[in-house]
Amino acid sequence: MRYWITGCALFAVLATSASAGAHPSFPGKLQERLDMPCVPQCTLCHVDTNGGLGTVVTPFGGRMLTAIRQARQQALPKELDLKDSIEPAIAGFFSPTANSDNDDMPDLEELREGRNPNQPGAGNLCAIYGCNSARAVRSGGVDPWALGAAAVALVGVARRRKNPKPKVTV
Amino acid sequence: MGSTVQIRHTARAAGLLVAMMLCTLRASAYPSMMRHGYFGCVTCHADPSGGSLLTRYGRAQDDLLLTMHYRGAPTAAASRPENFGGFDEFETGAQPTEAAQPPVENPADLDTTNPLWGLLTLPSWLLLQGDYRHMTLYKFGRSDAFGTFPMQADVSGQLELDWFRANGSIGLTGAGAGSPHGRRAQLTTNQGRGINLLSRTHWLGADFGQKRFTARAGRIDIPFGMRIPEHTMWVRDATRTDRESDQQHGVALAYSSELIRGEALVILGNYQIRPDRMRERGYSAYAEVRAADKIYAGVSSLVTHAGTDFQSLEDDVTRQAHGLFARTAPVSALVILAEGDVLLKSRRDLGYVGFLQLDLALVQGLHFGATGELLDAGYLDTGDPFNTLRRIPGFGKPRFGGWLTVDWFFFQQLEARLDAVARQNDPFTVMAQLHILL
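So the sequences go chain by chain: A and S.
Numbered according to the numbering used here, the first sequence spans residues 897 to 1066.
Numbered according to the numbering used here, the second sequence spans residues 26 to 463.
No lab work stands behind these hints, which were simulated from the structure alone.
Computed from a predicted structure; not experimentally measured.
From the three backbone atoms N, C-alpha and C, an ideal C-beta is built for every residue, glycine too.
Please note that the accuracy of each hint is not assured.
[As the list claims (entries may be wrong)] Partial list, derived from the structure: chain S residues whose beta carbon lies under 8 angstroms from chain A:
{"no.": "1", "residue": "S168"}
{"no.": "2", "residue": "L338"}
{"no.": "3", "residue": "R415"}
{"no.": "4", "residue": "K422"}
{"no.": "5", "residue": "P423"}
From just these sequences and the hints, can you work out the full model?
Shown next as structure tokens:
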């Protein structure tokens, strides 16, 4: 009975604990702001792809977190919503010379080049998704070639169902 | 002394976890079909290890055994002998019991062995299925708390000519930039926001040995652990073995009999990701045995290596997961699923992930459930004493989570599901899901 009550209490604590989450729009905003060649993974800053404010573990993530906090403090008494905080943080509080991995290129430059600021040297930051990276696009829209091919295939199947080939008898 | 305290703490944590799960109940995961006497997956699914695309017989059982029947009668059309040939057709070892009931007429009389409630009649060598899942969620304490989006919009199919099979799926995803979901299965190359075509699975296969063996080549679901539908459950997420978009290209051999089933996949890499150094290569395998009546136990193993880990962005990463899983139905209304895996990754301490799920179905079609989760992905040793990372739950410390679920199969091929998910370091989330199986 004691475990039962304790278990329910634990679930209640888990259920009602306040969110400490970062914002899922951060990677996209970072890409737009710095004109990066890809949208970075959450693991640029966080321990895994689920994100969350309590999960920032990388050197670059630590610097960015500090810049975001400063940007939000600076905005007081007006409140700066978390989701809107990354752009002012980069613009005003993230040092352009900051170099988290102590290599030959500052963090923001590395991001613009698609390099990993947590890893000395170039590192790898960009996974390109899809079947043909040569025609990879940065954002927006759908690959017209693939959609066109799918549409033609669907129309073909539909026409064939409507007008089946006559059976040839000898 | 220290170890005694540690054991006491561990025992207390385990007790809490169990108690937390006993507070309420948990909903249907399809491995829970074991309550009806099913050991293997091949009779109901096109994939020998289970998965989305249902066989004609699987569609019938979906209607007979999963759907709520308000007048107490299973549907007729689904179970007509002419629509499926009965259990003698299956030489691969499932042990249907309740499923073997004689057909009873249903007022709706819909043919659920064919797509679109029988509106589309397919030849026997062709399977076709549409899956639409719509998710609406609310994350407490977040400025963007509310979200509603199509989680799955796929069409899958299989051509079967004697021993030869060609299987594939195609769908649409609107997964946003930076999302860990959907993108790894993309066919089109939009890297930002917007819609992409995706294909989760596509493979060619051959059955042999009285259909007990299936050899496949293509993009295949990873054979590892319990194949549950909750793709964000930590056991699937941390081992990267979910059916959402974790599939890999490779060559697999599956075996299924009355006593043992299993599959091994040689992973050649996900060719829907570039550059090549971000592709993981290695193997994944599982085997499950029928230990006793309605007690099944299995073992899984996975080892991969990548030049650069596409998620953590670290170089030269070898990733391993090894574990045990078990299912049992002590009474037909209750199914218990459990899995525990150890996680090993380059430069990280030993990690672990596990879950325990209770699925209670007192009335056919309505499942209640509870799931407890535990995760420590393994602390990352930076090798630099001046740059040590903070230990947080899930990263050098245990992280706990719990799910409460109601799953209602309220009409033929329609499912409504409600989940309340509480996880450390995550906002409390309520998710409502509608699944239409076409």
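Open item on the list: Can you verify the interface hint for K422 of chain S: is its Cβ closer than 8 angstroms to any Cβ in chain A?
Closed with: violated, 11 angstroms
Open item on the list: Min Cβ distance, R415 of chain S to chain A: is it shorter than 8 angstroms?
Closed with: holds, 7 angstroms
Task: Interface hint compliance - P423 of chain S to chain A, C-beta minimum distance less than 8 angstroms - done: Violated, about 13 angstroms.
Open item on the list: Holds or violated: the hint that L338 of chain S contacts chain A, with Cβ atoms closer than 8 angstroms.
Closed with: holds, 5 angstroms
Task: Given hint S168 of chain S near chain A, where the shortest CB pair must fall under 8 angstroms - done: OK, holds: S168 of chain S within 8 angstroms of chain A, min 6 angstroms.
Consistency note: the structure conflicts with the earlier hints numbered 4 and 5.
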